[in-house]
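The listed protein sequences derive, respectively, from chains A and B. Going by numbering that gives the first Met the number 0, the first sequence opens with residue 0, and the numbers climb by one from there. Going by numbering that gives the first Met the number 0, the second sequence opens with residue 0, and the numbers climb by one from there.
For the record, the hints were derived by calculation from the structure and aren't laboratory data. Since the model is a prediction, treat every value here as computed from it, not as a measurement.
Quick list of in silico lysine-lysine cross-link-like pairs, DSS-like style, CA-CA up to 27 Å:
id : chain 1 : residue 1 : chain 2 : residue 2
1  : B       : K36       : B       : K205
2  : A       : K174      : A       : K247
3  : B       : K272      : B       : K141
4  : A       : K272      : A       : K296
5  : B       : K57       : B       : K247
6  : B       : K296      : A       : K8
7  : B       : K36       : A       : K141
8  : B       : K205      : B       : K272
9  : B       : K36       : A       : K205
10 : A       : K36       : B       : K141
11 : B       : K57       : B       : K174
12 : A       : K272      : A       : K205
13 : A       : K36       : B       : K205
14 : A       : K272      : A       : K295
15 : B       : K205      : B       : K141
16 : A       : K295      : B       : K8
17 : A       : K205      : A       : K141
18 : B       : K296      : B       : K272
19 : B       : K36       : A       : K36
20 : A       : K247      : A       : K57
21 : A       : K141      : A       : K36
22 : A       : K36       : A       : K205
23 : B       : K141      : B       : K36
24 : A       : K141      : A       : K272
25 : B       : K141      : A       : K141
26 : B       : K295      : A       : K8
27 : B       : K295      : B       : K272
28 : A       : K57       : A       : K174
29 : A       : K296      : B       : K8
30 : B       : K247      : B       : K174
Across the chosen pairs, the derived CB separations fall in these ranges:
id : chain 1 : residue 1 : chain 2 : residue 2 : range
31 : A       : E11       : B       : E11       : 35 to 43 Å
32 : B       : G97       : A       : N98       : 39 to 47 Å
33 : B       : S93       : A       : N98       : 32 to 40 Å
34 : B       : G37       : A       : S238      : 51 to 59 Å
35 : B       : G37       : A       : Q175      : 49 to 57 Å
36 : B       : R187      : A       : R128      : 30 to 38 Å
37 : A       : H306      : B       : E11       : 25 to 33 Å
38 : B       : E11       : A       : K141      : 21 to 29 Å
39 : A       : F280      : B       : V283      : 52 to 60 Å
40 : A       : G282      : B       : K205      : 49 to 57 Å
Just so you know, even glycine gets a beta-carbon here, dropped at the ideal spot from N, CA and C.
Protein chains: 2
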Amino acid sequence: MRNENTVVKRIERAARSGKTTRCLGIGDDAALWTPTKGYETILTCDWFLEGTHFLRDKHPAGVVGWKCLARAVSDIAAMGGEPACFLLSLAVPSSLTGNWLDELLRGLRRASRTFHCELAGGDTTQWDRVLISITVIGEARKGRAVLRSGARPGDILFVSGTLGEAEFGLRQLRKQRGFARARIVAERKHLYPEPRLALGKWLATKRLATAMMDLSDGLSTDLPRLCMASSVGARIYASSLPVCPLAKAQESTTLALHGGDDYELLFAVSPSKLRRLPASFRGVRLTRIGEVTQEKKLVLVENGSAHPLPSGGWDPFREG
Amino acid sequence: MRNENTVVKRIERAARSGKTTRCLGIGDDAALWTPTKGYETILTCDWFLEGTHFLRDKHPAGVVGWKCLARAVSDIAAMGGEPACFLLSLAVPSSLTGNWLDELLRGLRRASRTFHCELAGGDTTQWDRVLISITVIGEARKGRAVLRSGARPGDILFVSGTLGEAEFGLRQLRKQRGFARARIVAERKHLYPEPRLALGKWLATKRLATAMMDLSDGLSTDLPRLCMASSVGARIYASSLPVCPLAKAQESTTLALHGGDDYELLFAVSPSKLRRLPASFRGVRLTRIGEVTQEKKLVLVENGSAHPLPSGGWDPFREG
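Could you put the whole structure together from the sequences, leaning on the hints where they help?
This is the structure:
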């Protein structure tokens with residue numbers, strides 16, 4: 000007989016990593032976790048829903064497992080913190096509690112090891128579609144976490160890596176038949192995003208970023224959030240955007256402005272600290288894309304003329 | 000235009016409590032929280048799904064708001080901890096982002112104040128049914144949290160309050176037309192459960208319980224979990240169960256054994272500490288219902304004869 004206890008056992012088995020653990024988790028009402036002295040706790044949660052965030056007939060279960068954790072861990076990177084452990088809220092149809100669940104757990108375990116973020120507990124139930132909510136617990140040295148609200152007029156805006164690449168990858172994947180397989184970097188970025196943990200932590204530790212966030216919904220949707228939190232505006236230069244090299248010129252700018260799912264970092268740097276910022280960090284390019292302005296407007300400079308930056312990224316509640 | 004930012008604003012407004020806060024939350028990528036020195040962090044998450052855990056045409060939105068937090072906070076009570084803050088993962092149809100959402104947030108805010116557990120952040124998206132996943136962060140003095148795994152043969156088993164009352168209340172509510180209203184205590188217990196926070200913390204602080212858990216899925220489903228975690232068995236006396244006084248005799252025993260949603264505490268006490276346990280704690284009765292046995296079996300003594308206790312509580316994956 001298949002029941003909740005055996006589903007939980009399957010998850011527990013997949014989570015077991017052999018090494019000693021900081022978390023006392025699965026099997027009790029709640030998980031216990033010992034915070035590090037002198038550190039603040041960072042808490043974040045993220046939905047990953049069938050039909051909205053992934054397609055069951057397109058995304059292999061292993062991709063679902065990797066990506067649901069990677070997305071949530073990216074919020075920890077965006078604060079300049081380090082992940083510690085996570086809770087998995089999982090609802091699946093009964094028919095998927097066998098091989099499909101095992102493959103999902105393998106992807107999740109691989110992500111968990113890569114990001115040094117262990118499974119501490121969760122909740123499982125049955126549902127007609129796959130629902131995942133991941134909570135990640137991370138840490139940052141007290142007072143060092145980077146918020147969205149610290150950007151000041153005159154600060155320079157940077158992004159890591161390439162923008163619009165994941166969206167380009169998604170478009171390529173849509174042309175494939177059957178399950179998605181990563182053949183090029185852009186497709187891999189859509190399927191297996193890698194949160195910029197090392198960069199985020201380095202920027203926080205060196206106090207280089209005045210404000211930071213991760214780009215999950217697209218620059219044109221996320222940048223206004225940083226500006227709103229900081230009570231500032233921004234000016235972005237289209238020609239400076241680190242676009243996806245495979246896309247056609249005009250498409251690549253549109254993708255860089257509005258494409259979601261990149262999980263790159265957007266951060267502001269005070270002009271006085273500019274010279275301490277390298278051109279790249281551990282192989283990830285850091286690109287200056289514009290500056291923070293006093294006037295609370297978002298301006299895109301393109302082909303020599305400035306116009307308002309329209310918000311065109313991902314918003315689940317947009318009505319038209 | 001209604002979009003994700005305005006939905007988040009609505010939640011943020013409802014969460015604002017006026018007093019200074021320990022959590023720096025909504026509006027950033029993640030929430031920051033300062034753990035108390037000398038305490039361990041307790042982490043738990045709980046699903047609350049339309050159609051599974053509540054019915055939209057039966058349960059008012061305010062009940063949904065209260066109950067989703069109460070259930071999750073009950074896991075903190077079960078560890079003997081105190082809640083600190085929570086994350087709300089919420090998916091709703093666009094049509095419910097107005098009054099319905101406001102009423103849900105009012106119920107949630109009332110629960111949040113009652114349990115001293117503040118909203119620290121979360122994630123919102125759109126979905127065709129209401130999906131809620133709540134993560135609660137709590138604390139317990141280092142080494143004092145009570146696990147499921149500490150029960151020893153010879154320990155005495157206790158429960159708080161009345162068992163099967165919420166299930167009885169649910170059955171009464173099913174007879175009402177339209178939205179459920181609490182007319183009697185049992186109905187109130189189904190709609191507005193109150194986690195046993197004070198009792199759990201007291202038992203943990205005084206080191207009175209060797210093992211503890213909350214009864215969410217029914218005694219016959221939850222007790223085996225405690226026994227499995229402790230590698231023990233248990234013997235329960237039907238005549239000792241604190242049954243719902245309004246139910247008929249035979250029904251009341253069935254409800255007490257298998258009814259879910261009570262959120263009472265089940266705990267084991269060493270015989271040497273029995274005399275330190277009062278008959279009731281702050282108006283909540285503590286009832287001795289049986290004992291922990293070395294033999295890993297679950298036995299129910301009823302009308303003078305002992306037979307195996309069948310598991311009859313809530314299990315979303317049970318196949319028959």
